[in-house]
Every structure is written in C-alpha cells, then in structure tokens.
Amino acid sequence: MSLLEIRNLSVDFQTVSGSFRAVDGVNLDIRETDILAIVGESGSGKSVSMLAVMGLLPWTAKITADIMEFEGRDLLTISSRERRKIIGQDISMIFQEPMSSLNPCFTVGFQIGETLKEHLGMDRNARKIRSIELLELVGIPAPEERLKAFPHQLSGGMSQRVMIAMAIACSPKLLIADEPTTALDVTIQAQIIDLLVSLQNDKGMALVLITHDMGVVAETAKQVIVMYAGQQVEQQEVEGLFSTPRHPYTNALLNALPERSLGLDRLPTIEGVVPGAGDRPNGCLFSPRCEFAQDDCEAQIPPLVGTGTNTLRCFHPVDHGGHGE
Amino acid sequence: MNQSTINSIESGPRQPSVLRRNLLEFWYYFSESKTAVVGLAYLVGIILMAIFADFIAPHDPTIQYRDCLEQAPSWGGDKCNFLFGTDYAGRDMLSRIIYGTRLSLVAGGMVVILCLSIGIVFGVIAGYFRGWVDTIIMRIMDTILSVPGLLMALVLVAILGPGLLNAMIAISITYLPYFVRLTRASYITENTKEYVVASKVSGAGKFRIMFITILPNCMAPLIVQATLSFSTAILDTAALGFLGMGAQPPTPEWGTLIAENRDLMLSAPWTVTFPGLAILLAVLAINLMGDGLRDALDPKMKRS
Amino acid sequence: MSAAIEGRDLKRYYTVKGSGFFGKPSTLKAVDGASFSLESGKTLAIVGESGCGKSTLARLATMIEKPTSGNIFISGTDPHANAGAEKSRLRQDVQMIFQDPYGSLNPRKKVGTIVEEPVVINRNLPAAERRELAEVMLSKVGLRPEHYDRYPHMFSGGQRQRIAIARALVLQPKILIADEPVSALDISIQAQVLNILMDLQEEMNLALVFISHDLSVVRRIADQIMVMYLGRVVEQGDAKTIFANPCHPYTQALLGATPAVDPKLRRERVKLTGELPSPLNPPAGCAFHTRCRFVQDFCSTTAPGLEMKFERQVACHYAEVAMKS
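Chains as they are written, first to last, in my numbering: chain S, 70 to 394; chain D, 37 to 340; chain P, 4 to 328.
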C-alpha cells in the first residue's frame with residue numbers, strides 16, 4: 070500500500086500581478102522504504118509541492134489535487150487538529166538552513182523534547198532519556214552536554230543533525246528532506262547524507278530528498294522525479310534516468326554538468342531562461358528552449374503519461390537508440 | 037545619449053517605466069490597509085487646505101468682531117454666523133484653525149527636515165568610523181534621550197526664548213537620537229553586505245561609500261520614522277504652544293489657540309474643542325498613514 | 004616573465020577579544036603561510052571548506068586587507084610597498100566577483116551605474132563615454148544595452164552574476180578573483196556563467212583565481228589547485244596531477260565526499276570523523292591530525308611543511324603512506 074499518494078497536485082499563489090501557478094499537476098506514489106529524489110532548478114516547484122503536503126504554505130496559496138492521501142487519509146480536507154497529529158509524528162521534514170531552522174532562544178534539549186511531549190506525551194525524565202538516545206543516533210558526541218547547548222553554539226553540521234534528531238524523534242514513516250545539505254561543507258554533506266540513508270535503512274522509513282545536486286541523487290536515490298517550471302516532466306528509476314533520460318530537459322541538464330564536459334572546450338548550456346509568471350508558453354513549457362521541439366510541442370501542453378513510477382511529459386522524448394528525435 | 041524610450045523589445049513583457057511599476061507595487065501593498073488610505077486622504081486634504089487657506093477661510097484670522105465675542109457656532113442667521121464660533125476676542129475660530137494648519141504643517145515639516153539631515157550625517161559618521169567617534173556621538177544621543185522629550189524642549193525654549201521657530205529647533209533636538217540610531221543601525225547592517233566590499237574593491241573612497249553606496253539603502257526605516265515624527269512634532273508644537281513657550285498669541289497655532297481660550301473651557305467650549313479636534317485628527321491620520329507605510333515598505337510582508 | 008599575481012608566505016592573523024571582562028585575547032590565524040604564483044591566462048583554484056581561509060586569502064589578494072606578514076606581488080610589484088597613485092593603479096589590476104548574486108549588487112542603483120562605478124572612481128571620462136563602455140561590457144556578458152536602466156532585483160541570479168562580471172572587468176584588470184561565483188546558481192546557469200568566465204579569460208588573458216568548494220566545477224576549469232585546511236595549505240600543484248592521484252588525506256577525503264553522477268568518477272568514500280575544529284583553537288602539530296586516518300603520534304607534535312613530493316607540494320609527514328592507499 071502506498072504511504073503517500075498524490076495525483077494532480079497544483080498550487081496557486083495570489084501575488085501582486087495576479088495568480089501564479091507554482092506547482093502544476095504532480096503525481097507521486099511513495100511506499101515504505103522508498104528513497105525518492107525530487108530534482109529541479111529554482112522555480113521548479115519542488116519545495117512548494119512538499120510544503121503543500123505538510124500544510125506549511127502561507128494563506129495566499131491555494132492547493133488542489135485529485136488525490137492527496139497519506140495512509141489512505143485525505144490530507145486536503147483534513148482538519149488542522151487532525152493534521153497536527155500526523156505532521157511531526159508520521160510525516161516529518163527537515164529544511165535547508167539548519168542555523169535558522171532551530172529556535173535561537175531555546176536549548177537543543179527543549180526543542181527535541183517539545184516534539185516528544187506534543188506527540189508522544191512523554192514525561193520529563195522519559196524525554197531526557199529519549200533525547201540523549203536520539204542525539205547518539207544522529208552521531209553527536211557527548212549528547213548529555215549538548216542537550217543544554219543553544220543553536221548558535223553549534224556548527225552547521227551539528228545543527229542539521231539536531232534537526233534530523235527532532236524529525237525522527239517520533240519514528241516517522243516518511244521523512245522529507247528539503248535541500249538538507251546545500252548549506253553545508255562537502256565533507257559534512259557526505260556525513261549527513263550517509264546518516265539519512267542509514268536511518269532510512271534501520272527504521273524502514275521512506276525518504277523524500279529534494280535537491281538540485283545531481284551527484285547526491287545519483288549516489289543516494291532509488292527513484293527520481295524531475296520538475297521544471299512547476300510541472301513534473303519525468304520520473305524514472307535512478308539508473309535509467311542517468312543513463313537514458315527521456316525528457317529533453319533532463320537530457321540537457323545532465324549534459325550541463327561540469328563533470329560531463331571534461332573533454333570539451335565549453336560547457337553545454339540550455340539557451341533561454343525558465344518561464345516566469347508572465348511569459349508562459351502555450352504548449353510545452355520547455356519547448357522554447359528545447360532542441361528537439363516541433364510544432365505540436367508549441368501547440369498544447371503534453372500530458373503526463375505513464376504508470377506508477379515511470380512517467381513522462383513529452384511528445385518527442387529523447388531517443389538514445391540513435392539520435393535525439 | 038538618449039535615454040531609452042524603447043517600449044521593451046526583449047523577452048518577456050515588462051512595464052515601461054521602473055518608477056511607475058514601483059509606485060504601483062507600493063500602492064498595492066499600501067492600499068491593503070484601508071485606515072492608511074483614509075489617513076493619507078485626510079493628510080492630503082489638510083495640506084490642500086493649508087495651501088489654499090486664503091481662498092477657503094471665510095474670514096481673516098486676525099480680525100476681531102467686537103460685537104460677536106464668544107459666539108457659539110451658528111449658521112443661517114442674519115448676523116454673527118461663524119461655523120465654529122468665535123473666541124474671546126471675537127475672531128473666527130474656523131479661519132484661525134485653517135490658517136493654523138499652515139503653521140502646524142510647517143512646524144512638522146521643518147522638524148523632520150532638520151532631524152533627517154542632521155541625524156543622517158551623525159548616524160553615518162558613527163556607523164562608518166565606529167570606535168571613539170561612535171561612542172561620543174551615541175553618548176550625546178543617550179544624554180538627550182535621558183531627559184523626557186517635552187521637558188527638554190521646554191528647557192531649550194526657555195534658553196532660546198519663546199516663539200515658533202525656537203520651538204521647532206528645540207523639538208528637533210529631542211527627536212535627533214531616534215534618527216541617529218536608526219541610521220547607524222541600518223548603516224552597520226548594510227556595511228556587512230557584499231556590494232559594499234565590491235565598491236571598495238573598485239576603489240571607492242570614504243565619502244562615496246558612506247553617502248552614495250550605503251545611505252540610499254538605509255532610507256526605508258528613516259522614511260517611516262520621519263512620517264511618525266511629523267505627527268509627534270505637530271503634537272509637541274501644540275503642547276509647547278499650550279504652555280506658552282511656543283507660538284505666541286495672536287499666532288493662530290492650534291496649541292496656542294487652546295492656551296489663549298483656556299479660561300473659556302466651560303463657558304465657551306467650542307473655542308478649545310475645535311483646535312483640540314484639529315490636533316487629534318491630524319496626528320491620528322498621520323499615524324495611520326505611517327503604519328501603512330511601514331507595512332508596505334517591509335520586504336518580509338511582500339508576497340511576490 | 005613575472006607572474007601576474009604572486010603570494011609569498013602570506014599570513015593574516017586576527018586578534019579576537021577574550022570572553023568575559025578579563026578574558027585573554029586569542030589569535031585567529033585565518034591564513035597561515037600561503038604561497039602561490041599565477042600567470043596570465045591561467046586558472047588557480049583554491050579549494051577548502053568553511054574556515055580554511057580561502058575568503059581571507061581573496062581579501063588579501065584584492066588588497067582590501069593587508070597581510071600580517073608575507074607579500075603580494077601584482078605584476079612583480081608589491082602594492083603595499085608603494086603608496087597613493089601607484090597603489091591605486093595596482094589595485095585596479097585586481098578585481099573580484101562574489102558568491103551571492105543577490106548581495107553583491109547595490110539594490111538602489113541602476114545596473115548601468117553599478118557597472119560604471121569603477122570607471123567613475125578611477126578614470127576621468129565624460130558621461131557619454133562611460134555609458135558606452137558600460138554598454139559594451141554588458142553586451143560582452145550576454146546582456147543587452149537596454150538593461151542599463153534596470154535595477155538588480157529585476158534580474159535572475161545568473162544574470163546578476165553576469166552584471167558582477169561586467170563590473171569587475173570594465174577596467175580591463177589583469178587578475179580576476181572569483182569567490183565561489185557559481186555556488187549559488189542552478190546547474191544550467193552555472194554552465195552559462197562558467198562559459199562566459201572562460202571566454203573572457205581567454206579574450207583578456209586574465210589570470211583567474213577561482214575559489215570554490217565544488218570540486219566538480221574545479222576539475223573542469225583549473226590549471227593549478229591549492230587545497231587549504233584551517234588556514235594552511237595542505238596540497239598544491241597541477242590540477243590534473245592532483246585530481247588523478249590526490250596525496251594528502253584531506254584532499255582524498257574531499258574528493259571522496261564529492262558526489263558524482265558518473266560512477267567512474269566516484270572515489271572511495273573516506274569517512275572523516277568529527278567536526279571541523281575551531282580556527283580559534285586549531286589542533287597542535289598538523290591541523291588535520293584529529294580527523295586523519297593515517298595519524299601517528301608524530302603528527303600531533305610537529306606541523307608538516309609543504310614539500311615537493313610526487314610532483315606536487317604536499318604537507319604531510321606520511322605522504323607516501325597516504326599515496327599508496
């Protein structure tokens with residue numbers, strides 16, 4: 070049974086210049102022990118879609134979906150009270166900036182304890198014991214002393230570990246990590262990613278990793294969804310995505326990676342820019358920049374075709390058999 | 037070289053004028069607060085009233101109508117028709133209040149201009165040099181702050197002599213610390229940003245960094261402070277006038293109006309009520325507008 | 004022919020006030036003995052994580068700060084040994100671009116004014132000529148002359164970085180210091196900006212000092228590389244040689260931690276234990292010994308100097324051991 074099932078999720082924001090569609094038709098199907106990576110560049114809507122699931126978007130956002138269910142319960146019509154029982158306990162999230170995600174006025178012990186108290190109703194002693202357990206689990210040395218530390222006394226890597234400890238405190242079934250290592254040094258990033266994967270293994274959690282770092286995706290994920298300008302353009306297993314990307318955007322993105330152009334004079338780029346609010350094309354959103362675009366691409370938006378974990382939004386996918394079509 | 041008047045020939049539709057677009061965006065956020073718009077409208081109204089006082093006021097504010105002393109507000113009768121009544125000397129209250137608007141607005145404006153100009157200079161100097169220069173300037177400001185504003189203004193006016201001009205100077209001095217502090221705080225924050233380093237790498241000298249590079253980025257909180265100081269200045273000018281230390285009779289300043297008609301509070305209440313209302317409404321309007329301004333200029337409240 | 008920019012045993016120490024009223028002040032050794040030599044047309048990459056001193060080194064190179072000891076030479080001349088006009092002229096030869104495209108442009112100035120600023124400060128040209136110069140630079144970085152009258156917030160991150168490049172190069176400097184110029188950009192935009200940098204470097208025969216923590220980018224563009232850790236240089240030399248066979252354990256860890264899409268480029272993940280020590284309190288002897296997998300007793304007593312081994316400079320007592328693994 071799927072843990073999180075989403076069909077046709079869309080998010081619209083009210084802005085100064087009218088309504089803006091940040092997420093447009095996302096399908097998702099996560100089962101236990103899945104590791105799903107959602108990749109995309111700025112403006113792709115990857116963070117917004119997960120924030121919508123968590124109910125963390127501002128009031129100016131309008132969320133619509135055909136299905137948005139967690140363990141069979143409808144997240145769209147749920148009351149805030151019911152939602153608060155799920156968020157933080159069964160679904161958890163960690164964010165990009167660990168230094169600003171922790172409340173600077175309270176100690177680490179207090180903040181971890183808060184989650185335990187709210188969701189599991191533990192008493193003070195039990196909370197202390199469990200907090201120390203959690204800090205050890207995430208690899209923080211001398212956990213008893215760390216409980217009394219304030220966030221500003223911790224380094225970036227430590228803060229992120231504390232965040233992870235808070236997120237797994239109630240043994241969630243699904244952990245969403247929104248760019249968890251972008252703000253960290255590369256050796257610390259490796260430690261944090263390893264930690265997330267080992268926790269996922271040990272606890273049988275599902276992990277959703279939102280990132281723009283393709284290297285992390287290649288080394289960590291099992292499934293990958295690629296997003297562009299709010300739309301989901303491709304989903305594949307990780308090996309397939311990197312060896313035979315079907316959507317021209319994925320193809321172009323991978324070609325633009327510095328490591329793929331080692332022998333070349335210049336790096337291949339994608340001409341043009343991501344469409345903003347005012348200049349969305351009529352047809353496929355990527356068509357103005359696509360080297361394989363044809364007339365039908367500009368006439369109408371390609372539908373998302375495919376089943377389950379293999380989807381594609383393109384009329385003329387890249388053909389790796391011979392040449393791109 | 038001609039400035040571009042091209043109507044945008046490149047990718048994506050863009051509004052023709054930067055200024056117009058900024059004003060429109062500002063108005064969008066500002067007008068979300070209905071009270072702010074009402075405040076702005078009222079302020080615009082009294083500014084127009086002050087400018088066109090000569091045409092609006094029914095009478096000359098200094099003419100004394102000896103046979104209409106302390107008349108209650110009346111209209112439609114055959115003689116002594118004064119919409120707001122007359123004061124102890126038979127002068128038309130309405131006209132005096134209208135002309136008084138000029139004085140209050142000028143007082144508020146002068147205070148704001150003085151405070152902005154001197155406050156900015158001191159704030160920038162304190163922020164740039166830090167060290168003992170900063171310490172001296174801030175301790176002077178602390179000293180000014182340690183005495184209650186009106187009390188200090190009274191002392192200053194006592195030294196300088198009563199009168200509207202001296203009242204304005206005194207009030208400016210008491211407001212100075214707020215402007216200096218705001219400027220200095222903004223300055224220090226902006227100083228850490230990379231565009232300042234970039235200017236230094238380009239070879240920018242002291243004055244350029246202080247006034248051309250950093251200062252324009254400190255203006256938003258200063259604008260809000262200036263607006264609110266405008267209203268407080270009107271109030272303080274009136275207070276000083278009421279205490280007899282500001283504008284002297286027969287100047288029709290609102291506070292002075294209340295002072296000179298103080299004895300008539302019970303027998304002819306219109307002589308003090310209307311000036312009081314004028315003060316109240318002006319200060320209220322400007323404060324409401326200032327709140328809206330602050331919200332509109334605060335980037336965190338912006339949505340797009 | 005003398006190098007375009009040369010650093011000899013550069014050191015920059017800061018005195019940090021002690022904690023509390025009576026605390027003893029301590030010394031922060033931000034850069035502790037870095038030397039390099041870069042010719043025109045070549046790229047030196049400075050690599051390392053937070054606190055390694057690379058940004059301080061950039062500030063020394065652009066003469067924003069004076070070294071505590073050691074010398075900088077711009078085209079063979081020491082700018083700090085001169086004063087006034089000569090120093091100012093040498094300063095114009097070194098320009099810089101920064102990491103944060105959103106913070107490095109003055110939000111209250113028009114783009115054209117920003118690009119013109121170095122000309123306004125350093126040359127006496129009439130307004131029309133200045134504007135023409137600015138418009139030429141804007142075209143060189145792929146923007147249009149009409150963009151002169153726009154404000155920075157109207158541009159995307161990649162476009163702002165281009166504006167920053169235009170500003171840095173408007174005076175035709177000989178040396179460009181790029182402090183993490185593409186770290187905050189999306190992959191496809193990174194490629195565009197890197198191409199512009201490489202093109203302009205070739206056109207203007209620039210000596211490019213490229214500071215980065217992203218080894219996949221560095222691998223692509225660097226001729227020489229300098230790896231720093233806690234203010235000291237641990238490995239330095241030809242980029243290809245070092246990437247093919249990193250010698251110093253820290254370099255190995257960095258390369259191992261860098262996620263790569265292509266499995267052939269992945270190196271064994273070296274697990275680095277522990278956190279980065281505080282630069283205020285660096286470990287005795289070799290700064291890296293607390294996290295090194297080849298550590299011996301000798302490492303904690305004596306700091307290794309940079310020595311020529313295996314065709315590069317490396318600071319490690321047990322370089323041979325590290326190299327074999």
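Do not rely on the hints blindly, as some may be mistaken.
[Unchecked claim] The calculated lysine-lysine pairs, modelled on PhoX-like cross-linking and capped at a C-alpha distance of 20 angstroms, are:
hint, chain 1, residue 1, chain 2, residue 2
1, P, 177, D, 236
2, S, 291, P, 267
3, P, 90, D, 236
4, P, 267, D, 236
5, S, 154, S, 242
6, D, 229, P, 177
7, P, 243, P, 112
8, P, 112, D, 242
9, P, 243, P, 45
10, P, 267, P, 243
11, D, 242, P, 69
12, D, 242, P, 90
13, S, 186, S, 197
14, P, 112, D, 229
15, D, 236, P, 69
16, S, 272, S, 291
17, P, 20, P, 90
18, D, 236, P, 45
19, P, 274, P, 327
20, S, 217, S, 242
Keep in mind that the hints were calculated from the coordinates and are not lab data.
The hints, checked one at a time:
1. Of the pairs offered as hints, the one joining residue 177 (chain P) and residue 236 (chain D) holds, with about 18 angstroms between alpha carbons and a cut-off of 20 angstroms not exceeded.
2. Proposed proximity of residue 291 (chain S) and residue 267 (chain P) is supported: the alpha carbons are some 19 angstroms apart, at most 20 angstroms.
3. With a CA separation close to 14 angstroms, the supplied pair residue 90 (chain P) and residue 236 (chain D) stays within the 20 angstroms bound.
4. The suggested pairing of residue 267 (chain P) with residue 236 (chain D) is violated, with an alpha-carbon distance near 44 angstroms, which exceeds 20 angstroms.
5. Annotation: proposed proximity of residue 154 (chain S) to residue 242 (chain S) holds, straight-line Cα distance about 13 angstroms (limit 20 angstroms).
6. This hinted pair does not check out: residue 229 (chain D) and residue 177 (chain P) have alpha carbons roughly 25 angstroms apart, beyond 20 angstroms.
7. Restraint check for residue 243 (chain P) and residue 112 (chain P): not satisfied, since their Cα atoms lie roughly 42 angstroms apart, outside the 20 angstroms limit.
8. The hinted pair formed by residue 112 (chain P) and residue 242 (chain D) meets the criterion: a straight-line CA distance of about 18 angstroms does not exceed 20 angstroms.
9. Our distance criterion of 20 angstroms between C-alpha atoms is met by residue 243 (chain P) and residue 45 (chain P), whose separation comes to about 14 angstroms.
10. At roughly 16 angstroms between alpha-carbon atoms, residue 267 (chain P) and residue 243 (chain P) fall within 20 angstroms of each other, so this suggested pair holds.
11. A C-alpha spacing of about 18 angstroms is found between residue 242 (chain D) and residue 69 (chain P), which places the hinted pair at or below 20 angstroms, so the restraint holds.
12. Pair hint residue 242 (chain D) plus residue 90 (chain P) holds up; C-alpha atoms about 17 angstroms apart against a cutoff of 20 angstroms.
13. Pair hint residue 186 (chain S) plus residue 197 (chain S) holds up; C-alpha atoms about 11 angstroms apart against a cutoff of 20 angstroms.
14. Distance restraint check for residue 112 (chain P) and residue 229 (chain D): the Cα-Cα separation of roughly 15 angstroms lies within the 20 angstroms cut-off, and the hinted pair is therefore satisfied.
15. Taking the CA atoms of residue 236 (chain D) and residue 69 (chain P), the gap is near 14 angstroms; set against the 20 angstroms cutoff, the hint holds.
16. Simply put, residue 272 (chain S) and residue 291 (chain S) have alpha-carbon atoms about 17 angstroms apart, close enough for the 20 angstroms limit, and the pair holds.
17. With a CA separation close to 32 angstroms, the supplied pair residue 20 (chain P) and residue 90 (chain P) exceeds the 20 angstroms bound.
18. Distance restraint check for residue 236 (chain D) and residue 45 (chain P): the Cα-Cα separation of roughly 25 angstroms exceeds the 20 angstroms cut-off, and the hinted pair is therefore not satisfied.
19. As the CA atoms of residue 274 (chain P) and residue 327 (chain P) are separated by approximately 18 angstroms, the hinted pair is consistent with the 20 angstroms bound.
20. Taking the CA atoms of residue 217 (chain S) and residue 242 (chain S), the gap is about 29 angstroms. The hint is violated against a cut of 20 angstroms.
Violated hints, listed in ascending order, are 4, 6, 7, 17, 18 and 20; each of the other numbered hints is respected by the structure.
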